[in-house]
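Protein sequences, first through last, are from chains A and B. So in this note's numbering the end of the first sequence lands on 282, straight run, no missing numbers. So in this note's numbering the end of the second sequence lands on 305, straight run, no missing numbers.
Keep in mind the hints are simulated off the structure, nothing from the lab. Wrong hints could be hidden among the right ones.
[What the hints assert, rightly or not] In silico lysine to aspartate or glutamate, EDC-like type, Cα no more than 20 Å apart, as pairs:
#1 Lys68/A / Asp242/A
#2 Lys4/A / Glu112/B
#3 Lys201/B / Glu112/B
#4 Lys171/A / Glu23/B
#5 Lys73/B / Asp269/B
#6 Lys167/A / Glu112/B
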Amino acid sequence: MLRKRFRLLRRLVGLYLPLAAFLFFALFPFYWMAISSFKANPELYNLRLNRLWIHQPTLEQFRELFAKTAILRWLWNSFFVSALTSVISMSFGIMAGYALARLRFPGAQAFGLATFITYLVPTTLIFIPLASVVQRLGLSNSIWSLVVTYPTFLIPFCTWMLIAYFKSIPKDMEECAMIDGCSRIGAMVRIVLPMAIPGVIFSAMFSFTLSWNEFVYALTFISDTTQKTMSVAVPTELIRGDAYFWGELMAASLLGSVPVAILYSFFMEYFVSGLTAGALKG
Amino acid sequence: MPPSTGPGASGGSSYAHRLVRPEALTGYFLISPAVFLMTVLLAYPFVLAVWISLTNRVLGEPGRFVGLENFLKLLQDPLFRQTVWNSFVYTISTVFLKMLLGIILALLLNQEMPCRNLVRGALLLPWIVPTSLSVLTWLWMFDSLFSVVNYLLLGVGIISRKIPWLGDPFWAMVSVVIVNTWRGLPFFAISFLAGLMTIPKELYEAAETDGARGMRQFWSITLPLLQPVIAVVVLFSTIWTFADFQIVYILTHGGPINATQIFATMAYDVALVAGRIGEGSAISLFLFPALLVVIVLMLRYLRRE
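Only chain A is shown next, with the shape it has when bound in the complex (with noise of 0.2 Å):
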């Protein structure tokens, strides 16, 4: 009995407590999210209040911000950008990821180690150039300097992640599938990708977030309001001057994050799966 209780303090000391204050440090700042967005100002002003607690739930700040802005025009760059984005890099990821696993040729080596490097270049080191190459393209001011512009990250991303799955699935098959008259491409596209498919499913959606949540470019290239995307739109279009709406904030906080919150509950499992097995080999 005293042992069986011994242990259970133990578990609560050495994991539960502990495990909670980590819990708590994440996700108490989307619960404030959430709250503030539901509370009319007056409420959301009021200190006198139980603050943690929403007394008159309201929809008011959804209301205002649809009435008022053009929020919707911002999801929709976002959702257009990041599907348009991930489904161009998923395509030259695998190409590219596929012939690095598998052919031998000249200048294979360079290549990955170049596409292993520009993984690792941060957007801030090369924003200013890129600014001036955009406007040359005649793209400043469009969703589609992102589009093209996006893709330079995510390609190497979906690259090393896809090199790693290809390399797991063994050579055998395909072989047999070009023996039989199969062309190589038509052996990568028939044999060997729906075998990588988990792998497929993760780079893809893990593109579409990074898409999703990119500040950097889109604040640089991008003034006109109806191009915005939900990431830069909020902080810039809602903060006007020095007048901060926070529940308007908030409700726009909360609208370009669950998106990418359903996207991620609904392929959990890939996704830590697929995290962990990249790690892995990172």
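Place chain B on chain A using the hints.
Chain B only, in chain A's frame:
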């Protein structure tokens, strides 16, 4: 057609011959889109960055070649020196915190518990959600009048006076460090967790029979075997933190009185707000040596593994 792989197949052929082998052609075809995009939108801008940093270009005018003037001027500039100092403080303290807390969290997550996947998923959330939006929430949580962090700390009795989170140079740095740690911790913890899961259980059982327990096991088994993962994650995070932009840009915009100004935010302010593009490019390029060090260390490390 038999696949012409293997070193024997191309043993006696010339370099040019190897280039036109069908396999090589397929390879070049497959990497060509990636190579094209990365050349036009990464390599070229990088060369352009070096060129612009050697000119006195301002917004709207091409400027002329001035050699290393921008760099020399920056090294004399007290504001830039402070930026360098801030960037180091920011990077070293957040990477250290993320590493320490990441190891603790990974050890916790590696134990048996109910709803394990749900807990892991919930802890990853700060890393998944758009940083600019979650940092806005922190900005609201650190608000000078309505700070809920102060409300909580005062309520529990940890502090007796409000902390001026973003209004004071010291606390502003503390704030950006807290937020960066909050955002980056999940990546560290999950990567370390993956590392922990590869350590064979037999090692611990053997240690147990030899009478080694608890901390002793951690120092002699867990930490040495986790070391490769720790090294890679720390290197990754160092370069990304060093070049970080959005947390500081949204939370403090470099203030108060430049107490949290770091490379990327200063480069943005100088190049795109003040319009001195040459000088701004030079500031960005100071990130390059850091990147180079990380790349060299990483390659050396991965090669040894």
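Mind listing which of the numbered hints don't hold for this structure, in increasing order?
Structure breaks hint 6 only.
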